[in-house]
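Given chain P, put chain S in place with the hints provided.
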Amino acid sequence: MTSHTYDFARKDLLSLLGWPLLPVACFALFMHLGAALPLLPKPRPTLDIDHTLLIQKIEASRARQDAPILLLGDSSCLMDVAARPLSDALRRRALNLGTLSYLDLNAAAALLREYTAANPGQLRLVVLLLHPEALRRIAPEAYHVELLQALLSGRERVPLPGARESLASLLGLDLFRGRLLCRFLPTPLPGAYGRYYGFSADLEHSLTERQGTAVDPDSQPFQGNAEYRLAQPFQAASKAFRSALPQGVRLLVGITPAPEGFVSPTHREVCGQMLAQWSQWLQADAALTELPFTLPDHLFARTTHLNEAGARLYTEILARSLEPHLR
Amino acid sequence: MLFNSDVFLKFFAAFLLLFWLVRNHLAARNVLVVAASYLFYGWWDWRFLSLLFISSAVDYGVGLALSRTDAPRPRRLWLLLSIALSLSLLGFFKYFDFFAESLAAVLGRLHLPFHPRTLGVILPIGISFYTFQTMSYVIDVYRRQIPATRSFINFLAYVSFFPQLVAGPIERAGHLLPQFEGARSITRPMLEEGLWLMLWGMFKKVVLADNFAPLADLVYQGHTFSGPTVALGTLAFGFQIYCDFSGYSDIARGTARVLGFDIMVNFNLPYAATNVRDFWRRWHISLSRWILDYIFIPLQVQWQRWRFLGTAAALVVTFLASGLWHGAAWNFVLWGLWHGLGLTVHRIVCPTPNAERQTSTSVKTLSWAATMAFVFYGWLLFRARSLEQIVAMTRALGDFSRPAWTTSFVINLLAFAAPLVLMEIWQARARNPLAPLSLPPWARATLQGLLLLAIVLFWENDKVPFIYFQF
Numbered sequence: 001m002t003s004h005t006y007d008f009a010r011k012d013l014l015s016l017l018g019w020p021l022l023p024v025a026c027f028a029l030f031m032h033l034g035a036a037l038p039l040l041p042k043p044r045p046t047l048d049i050d051h052t053l054l055i056q057k058i059e060a061s062r063a064r065q066d067a068p069i070l071l072l073g074d075s076s077c078l079m080d081v082a083a084r085p086l087s088d089a090l091r092r093r094a095l096n097l098g099t100l101s102y103l104d105l106n107a108a109a110a111l112l113r114e115y116t117a118a119n120p121g122q123l124r125l126v127v128l129l130l131h132p133e134a135l136r137r138i139a140p141e142a143y144h145v146e147l148l149q150a151l152l153s154g155r156e157r158v159p160l161p162g163a164r165e166s167l168a169s170l171l172g173l174d175l176f177r178g179r180l181l182c183r184f185l186p187t188p189l190p191g192a193y194g195r196y197y198g199f200s201a202d203l204e205h206s207l208t209e210r211q212g213t214a215v216d217p218d219s220q221p222f223q224g225n226a227e228y229r230l231a232q233p234f235q236a237a238s239k240a241f242r243s244a245l246p247q248g249v250r251l252l253v254g255i256t257p258a259p260e261g262f263v264s265p266t267h268r269e270v271c272g273q274m275l276a277q278w279s280q281w282l283q284a285d286a287a288l289t290e291l292p293f294t295l296p297d298h299l300f301a302r303t304t305h306l307n308e309a310g311a312r313l314y315t316e317i318l319a320r321s322l323e324p325h326l327r
Numbered sequence: 001m002l003f004n005s006d007v008f009l010k011f012f013a014a015f016l017l018l019f020w021l022v023r024n025h026l027a028a029r030n031v032l033v034v035a036a037s038y039l040f041y042g043w044w045d046w047r048f049l050s051l052l053f054i055s056s057a058v059d060y061g062v063g064l065a066l067s068r069t070d071a072p073r074p075r076r077l078w079l080l081l082s083i084a085l086s087l088s089l090l091g092f093f094k095y096f097d098f099f100a101e102s103l104a105a106v107l108g109r110l111h112l113p114f115h116p117r118t119l120g121v122i123l124p125i126g127i128s129f130y131t132f133q134t135m136s137y138v139i140d141v142y143r144r145q146i147p148a149t150r151s152f153i154n155f156l157a158y159v160s161f162f163p164q165l166v167a168g169p170i171e172r173a174g175h176l177l178p179q180f181e182g183a184r185s186i187t188r189p190m191l192e193e194g195l196w197l198m199l200w201g202m203f204k205k206v207v208l209a210d211n212f213a214p215l216a217d218l219v220y221q222g223h224t225f226s227g228p229t230v231a232l233g234t235l236a237f238g239f240q241i242y243c244d245f246s247g248y249s250d251i252a253r254g255t256a257r258v259l260g261f262d263i264m265v266n267f268n269l270p271y272a273a274t275n276v277r278d279f280w281r282r283w284h285i286s287l288s289r290w291i292l293d294y295i296f297i298p299l300q301v302q303w304q305r306w307r308f309l310g311t312a313a314a315l316v317v318t319f320l321a322s323g324l325w326h327g328a329a330w331n332f333v334l335w336g337l338w339h340g341l342g343l344t345v346h347r348i349v350c351p352t353p354n355a356e357r358q359t360s361t362s363v364k365t366l367s368w369a370a371t372m373a374f375v376f377y378g379w380l381l382f383r384a385r386s387l388e389q390i391v392a393m394t395r396a397l398g399d400f401s402r403p404a405w406t407t408s409f410v411i412n413l414l415a416f417a418a419p420l421v422l423m424e425i426w427q428a429r430a431r432n433p434l435a436p437l438s439l440p441p442w443a444r445a446t447l448q449g450l451l452l453l454a455i456v457l458f459w460e461n462d463k464v465p466f467i468y469f470q471f
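Sequence order for the protein chains is P and S. If you read the first sequence in this note's numbering, its first letter stands for residue 1, the second for the next number, and so on. If you read the second sequence in this note's numbering, its first letter stands for residue 1, the second for the next number, and so on.
No lab work stands behind these hints, which were simulated from the structure alone. Any given hint could be a false lead.
DEER-style ranges, computed between Cβ atoms [said to hold, decoys possible]:
no.	chain 1	residue 1	chain 2	residue 2	range
1	P	Leu180	S	Trp426	38 to 48 Å
2	P	Leu47	S	Trp426	25 to 35 Å
3	P	Pro190	S	Ala392	17 to 27 Å
4	S	Ile455	P	Pro233	38 to 48 Å
5	P	Arg62	S	Val265	51 to 61 Å
6	P	Arg62	S	Ala392	36 to 46 Å
Just some of the chain S residues that point at chain P, by a computed CB distance under 8 Å [as the list claims (entries may be wrong)]:
no.	residue
7	Leu26
8	Leu64
9	Ala65
10	Ser67
11	Arg68
12	Ala445
Straight-line C-alpha distance at most 25 Å; calculated SDA-like pairs for lysine to any residue [unchecked claim]:
no.	chain 1	residue 1	chain 2	residue 2
13	P	Lys239	S	Lys10
14	P	Lys42	S	Trp459
15	P	Lys11	S	Ala435
16	P	Lys11	S	Trp459
17	S	Lys10	P	Lys42
For every residue, glycine included, the Cβ atom is placed at its ideal position computed from N, Cα and C.
So here's chain P without its partners, still in its complex pose (with noise of 0.2 Å):
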């Protein structure tokens, strides 16, 4: 017996699936086209916190500042130094450019020579921090120096591998996302991150009035290896992100703290040791000997970052050993 009937033509079916087609056929041309002669805007894809911190950075080293004190580092420079309280105690304007782990000095020099070219003869300071986290890492990560250099060089960003993200960037959406999408339409940031600042556009606001600066909102459990150590990679990194810097600048050295309770015993000695040969090969002014490897545990949002309060005090000290520097 029958079960069913087809009644309808192939051409119907045909019509049905494929005129929809030719529309999407005539965007993703559109999208192609307008990125390749170029008339769409250069991409700004704010669709996450890495790529909203990535974009602010390099929109913030090549703006005019007037900031005689550049801040260069990590994700740990970028959430326990508060640029602005640091520029009100030492009178003078500093913008703290530090990043994520995930990145190496190559990024930091990367970011001081478009700060440099922007602000000529304008920078007399530079502090580099970094946590030992960042300081044992072998390689940083590829995506994320790929993404770095996209972003830096105005092309798309890096495609992921898949399906779904070859098709999209088959049919140009990758382009209208990067490149308009994400500039009338705020991502929401997930977790902690979300209830704290809200929206990409509102981390923005945020790090831009906070002078570079952010809060780490997402306390966890402090977790990982506490045995630190220099990684020989860093020797040749440290000499590239010397040449770097414009003559008559001075460069300051620092490792920024970890959780008292989470180190070893010997871990204030294994800084100081570290610090010693990292400043020798970056051929440092001066180490910051003064700052404290360690700090208490309840200062700490997580292993590598300090909480508000932690960012507070750990600005302080700066400050104070910035000083004599800076006569």
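Relative to the frame of chain P, chain S by itself:
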């Protein structure tokens, strides 16, 4: 298996091919539907297939037993047996832990320590939907509204039909079962309608609901609230749950339509409702009709000697049951109570449907605004994570401070609400839920192309499950 997943797209493509191959074999088609539906369900957890099968087999058997006797007593016994089994399944998998923990909490407050053994069982997806579907079949056979089916395969197909298996609409046997008994014809208009429903449903889920979700989470996963944040978060959740659930229903209807089947409409512009009764005629229509037919009317008949009080009690009990159907938590009970009381008050204000109609435009507008305030406060009760959060959020309604992210929130809310609102205004004015199909071919193709682009744009690898899967 989720509709909004790559695996479903592959599954459905393969199913369409097999469906075409069996076009000349009615029995084979129904076997294919059952096998595919069991694969669809088992993709989540194959162990619960036995539950689906047992539930179907028992009610199929009870249906046959009911058809073989006219004596009232054994018929009643068969009915009670079936209902008891269905409710036991629901009670065991869905409510055992909830009632045990609630009892322990009450006894704890009375300083009577009680440490119940909770079972910690996983809630089988869609159990509330297919249990209600099999129960309605047995009750309808008992009431002699439909004949019992002789074909076990057809009955299995009716219970497990994959488009509506895990989140409805809760189909009645009188409507769906006969469709498995005869040949179906798939015409061009059916294909057009089905493809449009699938596309629009997917757009509502992937583009709208999944973008409202982080907005609602931003507020409801927080710990501090103010009036504007509660209002915005609740608006976002109201849109999310509507787009999520009606999106699922549209995909289900569209999927069935391209296979030549008809599934009932589950939503009819619910946020255009001008009173609570009107809202329940438009929201989750299949459940509303189910509880009306099988809970409210029998209770109202039973309690009619108490006149209005009997009706009010029937309404409250019915909606308490509806709240509990949604989930084993006190906020769902409160939500049900809220709507039960709202409907009771509405009965006092508008005792007859005529009283609803005889109102001016301005009164209707005010009535709409009041209804939406009522419905959206209900969503606050529904979405809250605890009773403490309900109290905190309700208190916060009097605080008018705004967080820094208000503008970003409003931009997002407007951006994603706009397509839905525009579409529904269009549907309402045209008095046709399929209004886009009346567009000229080029305009329709453009609209469909844009929806397709938006779906690919927001198609995420980490899928957000449909909210109603948990019920």
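Status of the hints after comparison with the structure:
no., hint, in the structure
1, Leu180(P) <-> Trp426(S): 38 to 48 Å, "25 Å, violated"
2, Leu47(P) <-> Trp426(S): 25 to 35 Å, "32 Å, holds"
3, Pro190(P) <-> Ala392(S): 17 to 27 Å, "22 Å, holds"
4, Ile455(S) <-> Pro233(P): 38 to 48 Å, "44 Å, holds"
5, Arg62(P) <-> Val265(S): 51 to 61 Å, "56 Å, holds"
6, Arg62(P) <-> Ala392(S): 36 to 46 Å, "44 Å, holds"
7, Leu26, "4 Å, holds"
8, Leu64, "23 Å, violated"
9, Ala65, "28 Å, violated"
10, Ser67, "24 Å, violated"
11, Arg68, "27 Å, violated"
12, Ala445, "4 Å, holds"
13, Lys239(P) <-> Lys10(S), "53 Å, violated"
14, Lys42(P) <-> Trp459(S), "24 Å, holds"
15, Lys11(P) <-> Ala435(S), "23 Å, holds"
16, Lys11(P) <-> Trp459(S), "29 Å, violated"
17, Lys10(S) <-> Lys42(P), "37 Å, violated"
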